[in-house]
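Student: When the letters of the sequence shown are read in order and numbered with the working numbering, they come out as residues 55 to 285.
Since the hints were derived computationally from the structure, they do not count as laboratory data.
It should be emphasised that the depicted structure is a prediction, and the values quoted were computed from it without experimental measurement.
Glycine included, C-beta positions come from ideal geometry on N, C-alpha and C.
Take these hints with a grain of salt, some might be off.
Quick list of the computed label-pair ranges, beta carbon to beta carbon [what the hints assert, rightly or not]:
#, residue 1, residue 2, range
1, Arg258, Asp221, 30 to 36 Å
2, Leu170, Phe237, 40 to 46 Å
3, Ala124, Lys217, 15 to 21 Å
4, Ala240, Ala124, 18 to 24 Å
5, Val165, Thr123, 53 to 59 Å
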Amino acid sequence: MDRAVGLPRGQARFASVALAAFVVVTAAAGVVAWHKSQLLTGSPASGPFVDNPRVEADTYFRNLMGWRTALLIAALLQFSIWLANMRDVADVLWREGQRRRRAWLIFGWVVPVAQLVVPKMFINDLWAASRPQAQRRRGHPLLTAWWLSVLVAGTNTYRDAPKALKDAVTADEARHALRQIMFSDALDVCAAVLSIVVVWQLLRRLERATLPTPPEVLSQEGDFGAAPPGC
Numbered sequence: 055m056d057r058a059v060g061l062p063r064g065q066a067r068f069a070s071v072a073l074a075a076f077v078v079v080t081a082a083a084g085v086v087a088w089h090k091s092q093l094l095t096g097s098p099a100s101g102p103f104v105d106n107p108r109v110e111a112d113t114y115f116r117n118l119m120g121w122r123t124a125l126l127i128a129a130l131l132q133f134s135i136w137l138a139n140m141r142d143v144a145d146v147l148w149r150e151g152q153r154r155r156r157a158w159l160i161f162g163w164v165v166p167v168a169q170l171v172v173p174k175m176f177i178n179d180l181w182a183a184s185r186p187q188a189q190r191r192r193g194h195p196l197l198t199a200w201w202l203s204v205l206v207a208g209t210n211t212y213r214d215a216p217k218a219l220k221d222a223v224t225a226d227e228a229r230h231a232l233r234q235i236m237f238s239d240a241l242d243v244c245a246a247v248l249s250i251v252v253v254w255q256l257l258r259r260l261e262r263a264t265l266p267t268p269p270e271v272l273s274q275e276g277d278f279g280a281a282p283p284g285c
């Protein structure tokens, strides 16, 4: 059955690599932002333009922020493709339990209000499909923590911090914007790390669900525990 269903292990790796690269670059950007803020607390740097530490820090920061944006787009694309492939598996295991049409795999991320609940619904349905028929429950604390981290990272009030940094006219304004950027980066790293965990937990659970394992054994292997039904 594993071969017939076609578990997207390769796509899970691609999504994880993209998310991990995003984490590394985002963390590096946060470190450079901290370094920039430390330089701004000191006296003005002197010396040739090419050796000015503030200019070097600014160059690294801009480059990392550019790579960060590119990797974020790549990670979102890979995650969406992985989710679509996982839906194929869930359709075989529990087709009637998948509550949204496939079109919502795209529209669910961009339609206002729907984007707050629909992606989580897809993940909850996948999680439930991985459980034995008599024990299917939607929702789990891990999934709730993941989705809250994604929502907080995506809607945090410091998204305009890079523009505030660009428009800063004093060192204090620049440092304040840099602190906001570092906070925003920490939220993004948390959401990306939890996304990697969710990717592999779901893959492993659905992989076990496709094997001819007795229900009583399946319910004991690698289960985080039952959770009440959720959206």
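Student: So, for every hint listed, does it hold in this structure?
Tutor: Structure-based check of each hint:
1. Between Arg258 and Asp221 the Cβ separation comes to about 47 Å, which falls outside the hinted range of 30 to 36 Å.
2. Hint check: Leu170 to Phe237, Cβ distance near 22 Å, so the stated range 40 to 46 Å is violated.
3. The hinted range of 15 to 21 Å is satisfied by Ala124 and Lys217, whose Cβ atoms lie roughly 19 Å apart.
4. Distance hint check for Ala240 and Ala124: the Cβ-Cβ separation is about 20 Å, which falls inside the suggested range of 18 to 24 Å.
5. For the hinted restraint 53 to 59 Å between Val165 and Thr123, the CB-CB distance of approximately 23 Å leaves it violated.
Against the hints set out earlier in the document, violations occur for numbers 1, 2, 5.
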